[in-house]
Structures are given as structure tokens and as C-alpha cells.
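Residue numbers (UniProt numbering): 1 to 1198.
Just to be clear, a hint being listed does not mean it is correct.
As the list claims (entries may be wrong) - List of simulated lysine-lysine pairs, DSS-like, C-alpha gap at most 30 Å:
no. : residue 1 : residue 2
1   : K862      : K383
2   : K391      : K248
3   : K473      : K386
4   : K741      : K815
5   : K825      : K763
6   : K248      : K287
7   : K469      : K493
8   : K375      : K250
9   : K763      : K999
10  : K862      : K1176
11  : K473      : K455
12  : K875      : K763
13  : K493      : K862
14  : K324      : K152
15  : K1158     : K250
16  : K383      : K875
17  : K1068     : K455
18  : K1068     : K385
19  : K875      : K815
20  : K870      : K937
21  : K706      : K792
22  : K130      : K216
23  : K386      : K493
24  : K263      : K455
25  : K862      : K706
26  : K560      : K375
27  : K870      : K741
28  : K706      : K937
29  : K1000     : K1176
30  : K763      : K937
31  : K383      : K287
32  : K248      : K385
33  : K130      : K263
34  : K469      : K375
35  : K825      : K383
36  : K1068     : K1000
If you're looking for bench data, these hints aren't it; they were derived computationally from the structure.
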Amino acid sequence: MGLKRLTTTYQKLDWMGLELTEQAITFSLPRTGSMYYFNIVSCFLLGWHSNLSNNNSPDPNGPMYYNGIYHLFYQYNPKAAAWASDIVWGHSVSKDMVNWFCLDVAMAPMDSFDVNGCWSGSATILPGNKPVMLYTGIDINNVQVQNIAVPKNSSDPLLVEWKKLHKNPLILPPNGINATSFRDPTTAWLGKDGYWRILVGSERSNLGTALLFRSKDFMEWTASENNFHSAPDTGIWECPDFFPVSLKGKKGLDTSESGADVKYILKVSVQRTWSDFYTVGAYCLNKDAYVPDNTPGNHYSTTTGLKFDYGKFYASKTFFDEAKNRRILWAWVNESDSAADDFAKGWAGIQAIPRTLWLDRNGKQLLQWPIEELKTLRTNEVKLKKTPLTKGSVFEVQGITAAQADIEVRFRLPSLENAESFDPSWNDAQQLCGRKDATVQGGIGPFGLLTLASKDLDEYTAVFFRVFKAQDKPVVLMCSGGIRSSLKVELDKPSYGAFVDVDLIDGEISLRSLIDHTVVESFGAGGKTCITTRVYPTLAVGMEAHLYAFNNGTETVEIKRLNAWTMQTPNMNLGHEISLATALHDACDPVSGPAICGLVPLLNFPKHQQVLTMSSPFIGSTNSMKDDNAVDSAASFAYSPLYGSSSETGSSDGLGINRTGYHFQSPKNWINGPMYYNGIYHLFYQYNPKAVIWESALSWGHSVSKDMVNWFRLDVAMSPTETYDINGCWSGSATILPGNKLVMLYTGIDINNGQVQNIAVPKDLSDPLLVEWEKLDQNPVILRPDDITPDKFRDPTTAWLGEDGHWRILIGSEKNNKVAALLFKSNDFMTWTESEDAFHSAEPHTGMWECLDFFPMSLKGKEALDTSAKGDDIKYVFKVSIQDTFTDFYTVGNYFVNNGEYYIPENTVGDPYSPVTGLRLDYGKFYASKTFFDEAKNRRILWGWVNEPDSNADAIARGWAGIQSIPRTLWLDKNERQLLQWPITELETLRTNEVEYTKKLLTEGKHFEVENVTAAQADIEVTFRIPNLENAEVFDPSWVDAQQLSGEKGATGKGGIGPFGLLTLASKDLEEYTAVFFRVFRAQDKYVVLMGSGGSRSSLRGEGLLHKPTYGAFVDVDLVDGEISLRCLIDHSVVESFGAGGKACITTRTYPTLAVGKEAHLYAFNYGSETVEIAKLNAWTMKTPEMNLNDGKALLRE
């Protein structure tokens, strides 16, 4: 496919005080396949390892952490899935080293000093926070020379464009060095003498060597006269790495660190054996020489040398992560099949999971462990304890996806007396593993895991231990791989092996294996020995892969503890068509970045589209149903967790700082037809492509997700183009008909501004994303009845199928001087007839009923029901959105089909549609909600629209308006009188940096700060214990309006028991805060619990500029155990609170001016006279998910 050069510019600039003329080159990289290793030829799909590009992707180059972003550069061949000399530098960025975004090529062979290839190199960050890259270029004469490149704009958080300096090459091969064996400069370190130093890999007459160079200014380099380090009979040393490690624990050290409590690591990649060897030793600064510690045997022998990894692992590179004070190791995992196979797959090579490195307490070797961020992908945990594995035992670990999993297991061994005797001549661990594989019975072992196994065990990749009895201590052998890993003949299928330097005094040994379709990374004894195996099974693929624990030794081994998780698929190198003009906005971390940050970033869109509204869900117009003018008028933002910014035309008053991090915020106004279909969640939403504010002529936006947390947006699904919807495609609902056929009923505003009901269907049901939709010729399928006014007939529900074979829907309206839910029936879904019965209605004082919802709920726990379910153990929920008060009310009742067809709410106290007495889904800023049945997890999911508290002018200034609430699971309370709600469990994957408090007393007037979480983007669960209820305030029976009572009493009005709770989005001095609190009152026969949220202190903006009510609700909870719980989801400008396990929910929308970003704080408080105890409080920083990235097809590559 090649490279397309976008721009070549020449400019004068001052870098490091030098007046230089540089050439800046920007590239756009075409794609030939998936960013998720999707192999369109075969069935292999890697879920969560980094395949950084298509084609060939070997060595990692210059990994670094810079200004809040992790960068990984890598060798990349854009022309083919094979190594080539004229290789380029690919570039990807991440906030967590789990989710990755690929950028344009950073460097390509264009100049005389690298025209034949930009080979490996390393990053160094110079004083003043200036990153530079030293790399090997293959010059016009095929000589290997060392060059320098710098960012074109170091204030660009993505560092997209790089410049090669005109002084290149900086370092030529010294005399006596083969011109083709001089490569791969290390990260530089600064000596106490003020000189920078680097190593370059080389060889002299088969003597592998690391050559040291010094420089005062990073431009003029001189070779050291001393031999830094070398070894005979090793051949060329590639990709050297040199760094200090601490003798005091796991803390990582900057590469320039030195001192008494420091050891040094020298790593070399020996091309002859494709092995990465390292030694631990001392660095003599006065001689500029490195001396390995005395260890037995040849340091660079495959039998006695220390390796980072004893499997498929090469060309590794480390960097110091200053953000978490750790050293991170990256490496290339090469293929195990042929070049022809690589061409067929379309890609070759992946990156190993990044690992944290530290020195073992014995000072003799390194320990490694996958980075902690990887745990965010874990889901569906399975646990086993105290499970014996007798001789010949094989049992399956079920309940996880075995092809994409993470397993941690601890084995307890019996007496070591019956271990096999160790022959001292067995010094080659890999050879021993091949001879004594998993099928060869021993004494203690082989025992371990059979990964990527077929059901019948014709295929498996074994990861196992054997324990031998030696003269002075046990010898532990660890193995992985083997001939049984694939039935494919023409593969490299060795049994990798290593001896584990572990003390079995406690009789236990641990193993962790990361399984990802075609790669297994295993960590023995807490990371003392690591083996990466690359396999291509033919049977154990996808859902046909299994995982077993086994023991083929004569002695019983016990699984003391086993934890296994399915690993979710992260976003892997999204954004490959990134627009550089759009990307060059100020970096802003919505979780931990500058205080002015709150937005999710602008990526992947032309600059002219970054105006006005929240989010255009499309960039082109290929669907005949789309508005051809929509692209030019669209206001387009795309979001990712990398950095944030407001639009160019946005206000400069700081309103952009309040954009949410993990709430769905692409839509404008109402939700339409959320659904789960063929493994994908779809969210359709009302969208105005022309302006921020609401207008009649709305379109249907469309986003898709695998987990309702990370979202990808697609083209607009429907736009007003026909006579029956020319003035707007309004709300509607999805129904899945028999045969898995999907239809959408929606309200159209016709050419006469009348409201009619129409049908749309997917153009191609085999398209998993359902991108294109067709409106049927028969539209409108339901006309407004004659006795209904033209503007009050809208929002059809999801249809349900009756026992008579007729489909039914409800439509909101007003009829006979009452607001009503009109029932329509059809036997073919095309011809609809209005029922003669009044399904349900109320007095007109309530206001127009819109966005109706009607669904069954089980009386037997949390199990959800399909909308058409029937039976004795069912109640029905009827929900209406009342336009006059912008509130969503619901009732629980019975649905009758005999002697008429109607719904009757069960006995309720007072008017069920009154703001004072009616039940609400949420007592705050929450409207136009919609539910759907999620068959994947057998639950009913609720979405709601969270509107703005300020004016249209403010919304226009911000450039966006309205967000969606967090999706919630709904079920019926045991009392059968109300619904319970809770955020979907998938949201917990965003949790990180947990903080816990227990048994903490809150005395009168006390508040304390919950520290070490990002208070602007957090999740908090707390249980309060009330020691004594006797001193609660007396409840006045006239206090019937909970919101009014919350406003009058507030969080500052001292009470008996309460107010107590949380002060969220609080400034340090408490000038601003959004209080979420309880008050307990003593009534005649029970205690009354009031829950409040919001208040005038939520923002310093004036009341006339911002609506700042204190929302309130009475919580129907029994305080017999003296405890009440609260959960708050805080997201910059919204707080969703769930009281008493979801019995009362309040969403508050606020725009603080002080409590923004890092200036936001979180406090627990009690302003009541009675002490309240925090029985338990857990708080997490919430990471930012992928939010409406524009590459919807990337979802299919997961």
C-alpha cells in the first residue's frame, strides 16, 4: 500500500539553543487490516495484546511516558507482513498501556542518513522536559549510523510530528567496527560529570560488545576509550538496554539515578540465539565500565544465562514510568509459523504485555509482573480453593472464555521426599522440558495448566512445573509449549523451559498465565521465571478453547487457590485516520490532568467540523436516508481518554471544563430504541446536527457498544427526508420480531406538522452494526385518530405479543379531556387498529404523557423478563414522562386482557402522577427514560436523559447540551411496591485506585476528606451505621413534599440524626459543594428517611444563571439494623446517587466554578447532633472509557 506523504515543510527553529533548518514530514498510514489482530484469512483474533499495526511489527522503540501519555514507537513495515530493511517508525499512544490509539508514522526513510531504513532507537527526556529520540539509520551506503529526531511541537500531547536534525548523522561507526553491525542506541543517562552517555550494540570478530559514547550537549558524541562490556562468541549485540534498579523494594529508578543502594542491569539481544540476556552488576563511573556480579556459567549461554523471558521474547526495551515510579518492560513476540503464513494472515509480530520490573531481594535476578492496569480487563471471575489434584487428574476450569483469560493459581506441594532425583548433567532446561514434557509422569509433577486446549486434549499448550530432589535443595523446572500446542505440522513448537530459583520451604509455588488466542505469557513463582509461548491451534480456537488444571505426577498436588477471569478486549489502536490538525489541542486528562480539563478529546475530525453542537454521529452521507447537507452543517466531536479540549468556537469562560468523563455524552435530547441485538448494544438518540438547542427537525444518532461503557458512533440512522417525517424523526422504540428480525417504530412530524407513526428496518440484517436503515413505503403505518390534536400523538413503545397473536404498542396522547396511553394492535406489524378500551389515563392536570414505557417484572428476584412475557408471578410497570414537570413517573400494577384490555395501578397513596406522592425513577434531573430487555444478561436496562440546568445561551457557548445517565439495571423490590435500580456491573471495570475506610466516627459538625481518589471522576459506596435512633427529629405529617423539605432543611440545617452523607464536587474551602445526604425523622409508627442532593452551594454561579434546586425523596427503608447505604457516581458536572441499595435515586446536574478537575474534593460529613459511623466506605477513581470514537467498525475487531 505504501506511504502517502501529506506535507513537507521547511522552517527555522531554535532547539536546545541551536539555530537549525529542519525538514518536517508528516505521513498518513494506510491500513490493510484490523487493529485487533483480526485475521480475515483465518479465525484468530487476539483480544488484548498489542499488535501495533498490520503487516510486520517487530522491535519496540523509544517507549516513554511524557506529559501524561504513554508513547510506544515500533518498527513497522507498511508494505508487507515481513521484515524489510527500509523499515519505518510506527507510533501509538495510550493513557493506561491497555487501550491504544495509533497515530501517523513518526519517521520514515527519507534522507541520505536513513534512506534505507529507520531502525531501532530510544527516547530520552532532556532537562526542560524536552524529548529526543536517538535511532539507527541505514544510510545511502547501507552503513549503520546514529541519528537524532525531535518533536516538531513538544507542546503537542500526542507528539505526532517528528523532525530529523540537519546535523545527522551524529555518530558514525568507529574504526574497527563493521559498518553493518553498529546499531540500536540506548536511552541516555546523565553522569555526575555533566556528560550524557549512551550505549550502541555492536561486535568485533564475534565479540559481542556494548560501545559507550559521551556528549556534553547531546549533539557531539565521542566514543569511550574503555571497553564498557563485551563477551566472546556471542555475535552481534542488538537492542542493548542499561538501567539502574533499587536494592530497596519495587520502586523504579530514572535511568540517570545512581547511589549506594543501586545495582545496574545490562540487557543485550543476542541475534544468534534470538534471546534477551541480562546481567546484574556494578557500573564503575570512573572507568565507564560495567562488571556483572559473579554468577556461575556463561552469562550469554542459553543454558546458564539469565533471560527476561525463556520463550518467544526478543528486542526488549524498558523505560522509567515517572507517573507510577516503576520500570516498564516491552518486547517483541515473533511468529511461530512461516513467512508464507504471515503473508496469508496479513500481519506478523505482536508486543508482549508490558511488565513491571524490579530486583529480587536476593539481588541476583529481576522479577517481572504484568502491569496493574491489565486487571481492568478482568471480568467473570471464577474461584477454586483447596482442590486436590491426584495422580492423572485433569479437570476443566469453567465459566470463563478460555481463549482470552487471566489465571492466577497457587499450588501446595506434598512432602518433597518422593520427588525425582535430579541428574547434575541436566543443565539445559529447555532440552529437559522437551524430554520430560507434560505427558511424562514424574514424582512431583508435571502439574500446572493445559491452556488453549481442545475438548478432547488433542491440542493444548501446557504450562507446568516439575520438582526434582537434588543434593542440597529441590530443583524446580518450569516449562511451556510443546508439540501438542497445534495439530499444524509446519510450526515451530518447542517446549520452552527454565529452572526457577525458588525456595520451597513453605511447600507452595505460584503460576500466572495470560492467555490471548495465540499467545500464552506465564509467570512462575511471582515472576521469577517468565515464558512466552506463541502458538496457532487448529481446534482450540475461540469458544472451542478450554482450560484445564492437571497433575501427571504420582504425588497429589493441591490447588490452594485458583482465580481465573475472562479478559475483555480493550480498544487497540483506534483512530488510525487521525487528523493532525484536530489532534494538536492542549493535553487534558479528565481524571488527573490540569484543573481546566474535563472534556474528552477532539480526535479524528477535520477542523471545520469542530463547531457548535455536541457530536455529529456521521462524517459522510452514503445512506439514501441521510441529509446530504448534514456533513457541512454538522458539529463534530470525537472522544477518547487521551486528552480533552473545547471546540474552537466554544466559550472561553471555562464551561468546557465540566464535560463528563464516563457518561455517554454524544446525544442531544431524547433516547430512542436502546436494544441488544446479536451481541451488540445499540443506542439511538435524538440528535440536532445543526445547533446545540432542541429543534423539531431532529435526526436519529446511533452508537454501538459491547459493554455499554465504551461506545463507538456510527452514521446517522435516520434523518427527516420524507413527507411523513420531513419536520423531524422523533422518539420511538425497537422490537425484535420472530426470526430475529428487527423493526423500529418512531414518530415522524409530517409535512403538515402532524405526528404520525412510522416503521424503519435495517437495510442489511447481516450487518452486525446495523448502520443503514430503510423507511418502508407503507409509512405512515399509524395515523393520528380524528379526536386527537395533531401535536399530541407520539413516542410508540416497544411492542409486545399477546396470547391472541396480535402485537400491541402504546402511544402517548390526550383524549377525552384526559392524558392517555392509547393501545394499538396488529397481527402483521403493518396494519394497526386502535383498541376500543381505554388502556390507562389520568386527569389532564398532569400534562402531556410522552415517552411511554410498559414492561413486565418478575416477582421472583432480579430476573428480568422479555416485554412479551406472561405468567402468574408477574407485575407490570407503566412509566410516563410528563412534559409539564419534566419528571418520569411510574406505577406498579396489573394488566388485564379479559373483558377489555387495560392497566390498573395497584393501591398507591395519593395521586400517582403528582410530584409530591408519585413514584419516580429518579427524583432529580432525569427525563424521557427508556428501558429494554437485555437477553445477554437477563436483565432490564434503564436509560435516562440528563438535561442542562442553565440556559440555551450557555449550551451554545459550551458547544453541547445534554448527557445520558449511567445505564441501570431494574428489578422489583421484595415489597412489590417499587423498583430498585443499580448501575450496570460493567461500569466497575472503570474503577481504579481504590480507597477504603472502616469504622470511622462522624461526630457532630465533623467532615473529613476522602483522599487519594480523583474527586471529579469517582465512584463511592458507603454504608452508614446509626448508633441510636431515639434522638431523631420528630416528623411533621404535613411534610409531604420531600423536595421542599430537602430545600428547607438542606445539608447545613442541623438536625438530630443528620444531615449526614457526602459533599461531592467540593472546593477545598467548601464554598462550593453538591451535598448528597440523609436525614432521619421519628414518626408515630416508624422512622422516616429523607434523602437530598444538590443545593444552592453546588456552584458559585448566580441563581438566575443556573438552576440549583435541592432535590429530595423519602426512602422506603426499614432501619431495624440501624444502617443505610449510599452510592454516588461523580462525573465532573453530574452526580448520580443511589440510596438504600437503589430504593431512591437522585441525579444532580451542576456546573461548579471552583471544584473543577484537580481542585475538586470529596468529603464525608455529619451536621447532626448524634454521632454517625461510617461502617465501610470504598471509593475509586473512575477511568475514562472510549466515548463515541468514530470508527464503529473497530467494535467488530474486538
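Status of the hints after comparison with the structure:
Taking the CA atoms of K862 and K383, the gap is near 23 Å; set against the 30 Å cutoff, the hint holds. Between K391 and K248 the CA atoms are separated by roughly 42 Å; this puts the pair beyond 30 Å, and the hint is violated. Of the supplied pair hints, the one linking K473 and K386 holds, its CA atoms being roughly 26 Å apart against a limit of 30 Å. Of the supplied pair hints, the one linking K741 and K815 is violated, its CA atoms being roughly 33 Å apart against a limit of 30 Å.
For the suggested pair K825 and K763, the alpha carbons sit about 25 Å apart, so the restraint of at most 30 Å is met. Our distance criterion of 30 Å between C-alpha atoms is met by K248 and K287, whose separation comes to about 26 Å. A distance of roughly 29 Å separates the Cα atoms of K469 and K493; the hinted pair therefore holds under the 30 Å criterion. Restraint check: the Cα-Cα separation between K375 and K250 comes to about 19 Å, which is no more than 30 Å; the hinted pair holds.
With a CA separation close to 58 Å, the supplied pair K763 and K999 exceeds the 30 Å bound. At roughly 25 Å between alpha-carbon atoms, K862 and K1176 fall within 30 Å of each other, so this suggested pair holds. Pair hint K473 plus K455 does not hold up; C-alpha atoms about 38 Å apart against a cutoff of 30 Å. With a C-alpha separation of about 36 Å, the suggested pairing of K875 with K763 is violated against the 30 Å cut-off.
Distance hint between K493 and K862 is unfulfilled; the C-alpha atoms sit about 48 Å from each other, more than 30 Å. About 27 Å separates the Cα atoms of K324 and K152, which keeps this hinted pair within 30 Å; it holds. Between K1158 and K250 the alpha-carbon distance is near 28 Å, which keeps this suggested pair within the 30 Å criterion. Using a Cα cut-off of 30 Å, the hinted pair K383 and K875 is violated, with the two alpha carbons roughly 36 Å apart.
For a cut-off of 30 Å, the pair hint linking K1068 to K455 is broken: about 59 Å separates their Cα positions. Note on K1068 and K385: the hinted pairing is violated, with a Cα-Cα distance of about 46 Å set against a maximum of 30 Å. About 26 Å separates the Cα atoms of K875 and K815, which keeps this hinted pair within 30 Å; it holds. Pair hint K870 plus K937 holds up; C-alpha atoms about 19 Å apart against a cutoff of 30 Å.
Distance hint between K706 and K792 is unfulfilled; the C-alpha atoms sit about 36 Å from each other, more than 30 Å. Straight-line distance between C-alpha atoms of K130 and K216 comes to about 16 Å, which keeps the hinted pair within the 30 Å bound. Distance restraint check for K386 and K493: the Cα-Cα separation of roughly 33 Å exceeds the 30 Å cut-off, and the hinted pair is therefore not satisfied. For the hint linking K263 to K455, the alpha-carbon distance of about 48 Å lies beyond 30 Å, and the restraint is violated.
Annotation: proposed proximity of K862 to K706 holds, straight-line Cα distance about 22 Å (limit 30 Å). Taking the CA atoms of K560 and K375, the gap is about 21 Å. The hint holds against a cut of 30 Å. The straight-line distance between the Cα atoms of K870 and K741 is roughly 21 Å, inside the 30 Å bound, and the hint therefore holds. With a C-alpha separation of about 12 Å, the suggested pairing of K706 with K937 holds against the 30 Å cut-off.
Between K1000 and K1176 the alpha-carbon distance is near 8 Å, which keeps this suggested pair within the 30 Å criterion. Restraint check for K763 and K937: satisfied, since their Cα atoms lie roughly 27 Å apart, inside the 30 Å limit. Our distance criterion of 30 Å between C-alpha atoms is broken by K383 and K287, whose separation comes to about 55 Å. Restraint check: the Cα-Cα separation between K248 and K385 comes to about 34 Å, which exceeds 30 Å; the hinted pair is violated.
In summary, the hint linking K130 to K263 is supported, as the alpha carbons are separated by about 27 Å, within the 30 Å threshold. The hinted pair formed by K469 and K375 fails the criterion: a straight-line CA distance of about 36 Å is larger than 30 Å. The straight-line distance between the Cα atoms of K825 and K383 is roughly 50 Å, outside the 30 Å bound, and the hint therefore fails. For the hint pairing K1068 with K1000, the CA-to-CA distance comes to about 21 Å; that is within 30 Å, so the pair holds.
The structure shown violates the earlier hints numbered 2, 4, 9, 11, 12, 13, 16, 17, 18, 21, 23, 24, 31, 32, 34, 35.
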